[in-house]
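Spelled out from the first residue to the last, the chains are:
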Amino acid sequence: MTGTAPVLLAAQGVSYRYRGAERDVLSNVDVAVGPGASLGLVGESGAGKSTLAQLLLGLHAPTAGRILFRGAPLRKGDRAAQLAFRRSVQTVFQDPYSSLDPRMTVGRSIAEPLVSLGAPERSAAARRTRVASLLESVGLPADAASRYPSAFSGGQRQRIAIARALAPDPAVLIADEPVSALDMSVRIQIVDLLRELAAARGLSLVLVSHDLSVVAALCENIAVLHDGRVVEQGGTEQVLQAPADEYTRRLIDAIPRLP
Amino acid sequence: MNRNAGAPLIEVAGLRVRDDVRDLVSAVDLRVEPGDRVGIIGESGSGKSLTALSILGLLPHPLRASGTVVVGGTDMITARGRAGDRVRGSTVTAIFQEPLTSLDPLMTVGRQLAWPIARHQGLRGRELRAAVLESLRDVRLPDPERVARAHIHEISGGQRQRVAIAIALACRPRVLIADEPTTALDVTVQAGILDLLDTAVRERGMALVLISHDLAVVSRVTDRVLVMRDGREVEEGAVRRILTAPADPYTAQLVAAARALEAHLPRVREGDAARSPGDRTADRGPTGGERA
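Chains as they are written, first to last, in this note's numbering: chain A, 1155 to 1413; chain B, 23 to 314.
Hints should not be assumed to be uniformly reliable.
Derived DEER-like restraints, expressed as beta-carbon distance ranges [what the hints assert, rightly or not]:
#: 1; chain 1: B; residue 1: 143; chain 2: A; residue 2: 1184; range: 53 to 61 Å
#: 2; chain 1: A; residue 1: 1399; chain 2: B; residue 2: 171; range: 56 to 64 Å
#: 3; chain 1: B; residue 1: 124; chain 2: A; residue 2: 1176; range: 50 to 58 Å
#: 4; chain 1: A; residue 1: 1252; chain 2: B; residue 2: 270; range: 41 to 49 Å
#: 5; chain 1: A; residue 1: 1182; chain 2: B; residue 2: 123; range: 57 to 65 Å
Here are some chain A residues the structure puts well away from chain B; computed CB gaps all over 12 Å [unchecked claim]:
#: 6; residue: 1172
#: 7; residue: 1184
#: 8; residue: 1199
#: 9; residue: 1200
#: 10; residue: 1212
#: 11; residue: 1217
#: 12; residue: 1218
#: 13; residue: 1224
#: 14; residue: 1230
#: 15; residue: 1335
#: 16; residue: 1367
#: 17; residue: 1370
#: 18; residue: 1383
#: 19; residue: 1393
#: 20; residue: 1413
In short, the hints are calculated from the structure, not lab data.
Model, not experiment: these values are computed from the prediction.
In this text, a Cβ means the ideal position worked out from N, Cα and C, and glycines have one as well.
Just chain B, same shape as in the assembly:
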């Protein structure tokens, strides 16, 4: 673990991802400093998830990355086995679109959560059980005792994503990668998860990389955004600048499409201004739409 204060948490330069035939990602650069909130936006096939998997050192066979991918001082392109695990456990953790695929169906929520807490915080017995409940409370799950005893099929999709976030946070990472974390969720549940991510990274001083196809979602919790298309970086910049003065015609088209649909909705009412990005003091707590 390299925790030099000046070094970026994630340094991606000239990233290229190939399968046996062709380049799926080429020439992507991304730098994430402690506390940064960066969005990666793109449509299907843009390479945004492959970029995330490259950072995590988890590209599936036969995909290979080349270029520079350094996370917490470790070269993730060459890191194998334990070296990669050390970075994934402590510097970076990730949550994905479908928490069902990353959670164990046979293990209670409490046991799945106890494992990383025991490992990263060195707790056992009663202290460990208390820490498990505390971390379920941290992600604002109602009735943590019940959730800890439950298997994941016994809780709702939104609650599962909260459990996945709790497990990711239990590792006390310095950066959280969230790949389409709300895409499979209902809109009222999504609002709660975005609030939670927002609060969790702020309170812990963590960095966040949020990957999404949805400009509104990305602009709600990040400050800077990387736009990707067909495996290439289209442009990068401050969210506000990208939305108001996109430099690339593709970005302009994405923004226009999102605005065209949004134009059919009523304008945001006065009292709701607290929800706009930039004002992160609003913390509305869990929404009610997450019953199992």
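If we strip away everything but chain A, and leave its shape as in the complex, we get:
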């Protein structure tokens, strides 16, 4: 990433080793995303992309290096700073079937981060209004709030998960394989939705995907991970059109194309 561009969330020289493991799953990784910018983390299984996303979310502390948010390292133990960070950096997971509590109405699920992260919507009525507007922004009717996740299709559930992530009005959305579990015709709809939401809200997007076309559709910058290292990063178009790294080339060449 260029040194002059403003940075919102960054990994600096980050390595990570799972407890008891013999080697690092990430070694010396530098990535950054600016305000309103988008970064795709691509690679195959075991590349370390999901681990990197979890470090950026502050779910684990890196073994070496640091995660910086608005220029400051994440501080464990500072509860106010932690809450502010969680409000600002939200996530969407791959599987909307397991990421939504089946016993909670959709409205409660979406309002949950408002409650737990101390959002300004203090009253139940204010939260209902907020939930309705969030549902609208992801293309679902307001009455969806009173129903349960089981009443919705995979694509609709992913919309609900996105609405929940947007609830605390985050600055960064980290999405780990957000369309991989969805049917092909639904994928493109969710990709379009994420693009529109990011643009409309000035949201920074960190997208983890094994699917280069999804990353190309959503992200201006891309980092290619292989065996825990960033083998190449830069503007998505540049990297895809003229990959400098041999692994990146292999990855691009392997994608099956329509004749």
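Please arrange chain B on chain A, whose structure you already have, making use of the hints.
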């Protein structure tokens, strides 16, 4: 076993699959002749896997098939026990998305492979061991001696799928059914498995039924495709025609979605033209991305 030259290997007509309540598949027709390569494409709930299981005579209880499903001259709807096994062993074999579920975790790869080879090729002892290694080499597994001694948790996902293919091929079937064989695999591994399937069916003159949600995957190795949705056949035709002039609005929508995502990728470079379907002479061998 009926090996009449003129008869189709698989004849499905008016297939209907029901559970106790409703139709899950209805009015599906499919005919597979020797050497055909047919794709079945559809999204979740389209009935593509149930169609495959009906052909194999392996529908789980309480699902029941009706209509016509004749494989190698045997009616798979009424075939029970040994009659069905005979068809599954010799006329048709299958590989599935997750090879872990079809491979035995307690048996070495070599032993799992020895069983069908002994049965179908009548080999024993040293000859059998040589045939096992040969069939591992055929699916381009590196270091066949090591793989033969390994248990399946000791090899990678791509290598497991190669072992599953080796076992399927050991039965010397006339048609291979591959149900989402690369969906769980990394894209560089997928490329190698598709190449392998392509080569294996060509060299053996086998027919292939490839089931996938991915149009690009299906179009890479098959010539004809059946499109399914909500348990029904939407349309059937040559891959190229389906992709360029879909007759059904649903197919058009599927193709448009796939093209819309692909449009974000750089165009295929000149030197890579050999990878396009129709040119099956390209055989790039195993890709390097399959280490355990």
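- Item | Given as non-interface: residue 1383 of chain A, which should sit over 12 Å from chain B by C-beta | 15 Å, holds
- Evaluate the condition: distance from the CB of residue 1217 of chain A to the nearest CB of chain B exceeds 12 Å. 24 Å, holds
- Query: For residue 1172 of chain A, which was marked as not at the interface, is the minimum beta-carbon distance to chain B over 12 Å?
  - Reply: About 18 Å separates residue 1172 of chain A from the closest Cβ of chain B, which puts it past 12 Å; holds.
- No chain B beta carbon within 12 Å of residue 1370 of chain A's: 4 Å, violated
- Message: A range of 57 to 65 Å was offered for this pair. Does it hold for the Cβ distance of residue 1182 of chain A and residue 123 of chain B?
- Response: 38 Å, violated
- Task: Evaluate the condition: distance from the CB of residue 1413 of chain A to the nearest CB of chain B exceeds 12 Å.
- Result: Non-interface label on residue 1413 of chain A violated, nearest chain B Cβ at 5 Å vs cutoff 12 Å.
- Task: Test the statement that residue 1199 of chain A is away from the interface with chain B: the closest C-beta pair must be farther apart than 12 Å.
- Result: Violated: least Cβ distance 6 Å, not greater than 12 Å.
- Has the hinted range 56 to 64 Å been met by the Cβ atoms of residue 1399 of chain A and residue 171 of chain B? 35 Å, violated
- Satisfaction of the hinted span 50 to 58 Å by the C-beta atoms belonging to residue 124 of chain B and residue 1176 of chain A: 31 Å, violated
- Least C-beta distance from residue 1212 of chain A to chain B larger than 12 Å: Holds, because the least Cβ-Cβ distance between residue 1212 of chain A and chain B comes to about 28 Å, which exceeds 12 Å.
- chain B versus residue 1393 of chain A - minimum CB to CB distance exceeding 12 Å, so not interface: 10 Å, violated
- Far enough from chain B: is every CB of that chain over 12 Å from the CB of residue 1230 of chain A? Consistent with the label, residue 1230 of chain A stays out of reach of chain B, its closest Cβ about 34 Å off (over 12 Å).
Checked against the numbered hints given earlier, the structure breaks hints 2, 3, 4, 5, 8, 9, 15, 16, 17, 19, 20 and satisfies all the rest.
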